[in-house]
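Colleague: One-letter residues, chain by chain:
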Amino acid sequence: MSVLYSLADAGMRYHGAPVLDAVTLSFASGQLVAIIGPNGAGKSTLLGIMAGLRPGHTGRCEYRGVEPTRWPRRAFARKVAFIPQSLRVEFPFTAEQVVLMGRTPHCDGLFESPSDLDAVERALAITDTLAFRHRDFRSLSGGERQRVILASAVAQQPETLLLDEPTTFLDLQHQVAIYRLLRDLSRQGMLVVAVTHDLNLAAAFADRIVVLNAGRVAADAAPAEVLRPEKILEVFGVASELHRGPEGRPWILYGQ
Amino acid sequence: MANSRRRFWIAVLSSAAAALAVLCLAPLVGSTSIDFSRALAGLSPDHEILFYTRLPRVLLALLAGGALAVAGVLFQAMLRDALATPYTLGVSSGASLGAVAAICMGWREVGHLPAIWLASFAGAGLVLFLVMGIATEGRRMSSFTLLLAGVSINTICLAAILFLQYIANFGQTFAIVRWLMGGIDAVDYSTLGWFAAAVLPAVGLIFLRARDWNLMAVGEDWAAARGVSVSRLMLTGYVLGSFLAGSVTALAGPIGFVGLIVPHALRLKLGADHRLLLPCSFFTGAAFLAICDTVARTALAPTEIPVGVVTALLGGPFFIWLLRSKRRSLWI
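Residue numbers (this note's numbering), protein chains in the order written: chain A, -1 to 254; chain B, 11 to 342.
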């Protein structure tokens, strides 16, 4: 495990109001990290800064010792893939063409190389999207689109994967399948950081949960430590119970 | 891979063949019938009609149509708006304002060149830098600020044109209205050469970034996260597309519809991959405008119809037909 991201006192303001404040975190390869927190806690902003898409933050955020915005863009894109919450596409790209776009940082020519096509083929297969590869992306359901977008990031063959709510539109089967896939990728050495609202999926799959609240880190530990009822009440204002699954995995019950 | 290459060459070569066919056939059509062998033998007047009246005009229409279609594809990708046209970002109104000013001032020639060309080219350049200055913050440029800056400048230029038209005398007003309809005229070969030397490299440079335009057409963050330098690409696209639109406007006036309809029709047929879309748009736009101009000069001969009227009258119904026949595969 090597440290990839180190953030120290990182913050961000929109029109003077802090949305992210004094965030100090580090992320190492081989981890699956879930970032949770209420709406407006700064989760997407944090991910955007890490992806190098939100310039103008305060403090320090470095990937392998260099600010993402100072990395050469293509070199950074070969290291870090970012998956947005949703994607509105105006033009008739097929699902496969969307996945192929993930190969952009790897190829120079006008046409894709055999290794590009291999990577796309594998990405389509492991995200279960082969069946609609030739369909217009806009004709796909929300869940199918999300899997295609994930496939595009997998085809990018990064060492770090940043995901903003990757399972929002997915059915139960595909939620589990996607998190299994993310866990497998992290076992193979990838750093996976996923923003999510599903605390139980985070508990079941993540190695570590970071809780953001009002722009600050409210907790950063293993799932069982983070998901204690007093923490959930403090951050989300919801009463909950913490239980243990058969393999010792925690799960929580809330909304009673 | 072999498959996508084959698809590329089939699409590009067939649209190129269409443009070539138009280039060969359109000069033979006209209000005066000419004898091809007499023209080749250099006999008057067939030779002059074919080589100094019709051929340069067809060549100009081909280049202008290709340039407009490519600029349309480009601006649609940059603004992620299928309804964007080469004129959306203001350059062409700047060119029009220049031309209208030249007409009002009664300027005829500067050096050996028509004043209208120079004035409209100057207007286009002025607007290009103005919009660029407004749209960049620091070194960043986003499609949103670009669109707002372009549309504002567009509106201001159109208002200025209306004002000039209002204070102009009757003869000038007629000249202005006629110019604003757009029209292809016979030009000499050296002008054509300059025009080609301006248009073709710009089209080539745009095509070289075709893969990046694919990503840009999906989203700016999407492109940036995949290694595209978005601000630089945006600036390149804006300058090249405006250069194309401005050059065409200077020589032929604001010819509408080509930059909107040709990209749309091709997207229905070929999908959204800019590697196919850009070259095919160039050739198809070229063929389309040359055909429209041939209709414009022959349908009511010896009177000419403004070519902008023909592009809309021919293109509109064709597009509606295409839209209806493809409706089931459209997902909007």
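No wet-lab data here; the hints were simulated from the structure. Possibly wrong hints are sitting among the right ones.
As the list claims (entries may be wrong) - Chain A is nowhere near these chain B residues, computed Cβ spacing over 10 Å in every case:
| hint | residue |
| --- | --- |
| 1 | F18 |
| 2 | A26 |
| 3 | V39 |
| 4 | L53 |
| 5 | Q86 |
| 6 | L136 |
| 7 | A196 |
| 8 | L202 |
| 9 | L218 |
| 10 | N224 |
| 11 | V228 |
| 12 | G237 |
| 13 | L278 |
| 14 | P312 |
To be verified - Simulated DEER-style distance windows between Cβ atoms:
| hint | chain 1 | residue 1 | chain 2 | residue 2 | range |
| --- | --- | --- | --- | --- | --- |
| 15 | B | E147 | A | R136 | 28 to 34 Å |
| 16 | B | W19 | A | A220 | 53 to 59 Å |
| 17 | A | F109 | B | A51 | 43 to 49 Å |
| 18 | B | I20 | A | D7 | 46 to 52 Å |
| 19 | B | Y176 | A | A15 | 44 to 50 Å |
| 20 | A | P112 | B | T165 | 46 to 52 Å |
| 21 | B | T308 | A | R136 | 37 to 43 Å |
| 22 | A | D7 | B | L332 | 56 to 62 Å |
| 23 | A | V1 | B | A207 | 53 to 59 Å |
| 24 | B | W204 | A | Y12 | 48 to 54 Å |
| 25 | B | Y176 | A | G57 | 43 to 49 Å |
Glycine included, every Cβ here is placed at the ideal spot set by N, Cα and C.
Colleague: So, for every hint listed, does it hold in this structure?
Modeller: Consistency of the hints with the structure:
| no. | hint | in the structure |
| --- | --- | --- |
| 1 | F18 | violated (8 Å) |
| 2 | A26 | holds (17 Å) |
| 3 | V39 | holds (35 Å) |
| 4 | L53 | holds (47 Å) |
| 5 | Q86 | violated (8 Å) |
| 6 | L136 | holds (31 Å) |
| 7 | A196 | holds (37 Å) |
| 8 | L202 | holds (29 Å) |
| 9 | L218 | violated (8 Å) |
| 10 | N224 | violated (6 Å) |
| 11 | V228 | violated (6 Å) |
| 12 | G237 | violated (3 Å) |
| 13 | L278 | violated (8 Å) |
| 14 | P312 | holds (44 Å) |
| 15 | E147/B <-> R136/A: 28 to 34 Å | holds (32 Å) |
| 16 | W19/B <-> A220/A: 53 to 59 Å | holds (56 Å) |
| 17 | F109/A <-> A51/B: 43 to 49 Å | holds (47 Å) |
| 18 | I20/B <-> D7/A: 46 to 52 Å | violated (57 Å) |
| 19 | Y176/B <-> A15/A: 44 to 50 Å | holds (49 Å) |
| 20 | P112/A <-> T165/B: 46 to 52 Å | holds (51 Å) |
| 21 | T308/B <-> R136/A: 37 to 43 Å | holds (42 Å) |
| 22 | D7/A <-> L332/B: 56 to 62 Å | holds (58 Å) |
| 23 | V1/A <-> A207/B: 53 to 59 Å | holds (54 Å) |
| 24 | W204/B <-> Y12/A: 48 to 54 Å | holds (49 Å) |
| 25 | Y176/B <-> G57/A: 43 to 49 Å | violated (58 Å) |
When each numbered hint is compared with the structure, violations occur for hints 1, 5, 9, 10, 11, 12, 13, 18, 25.
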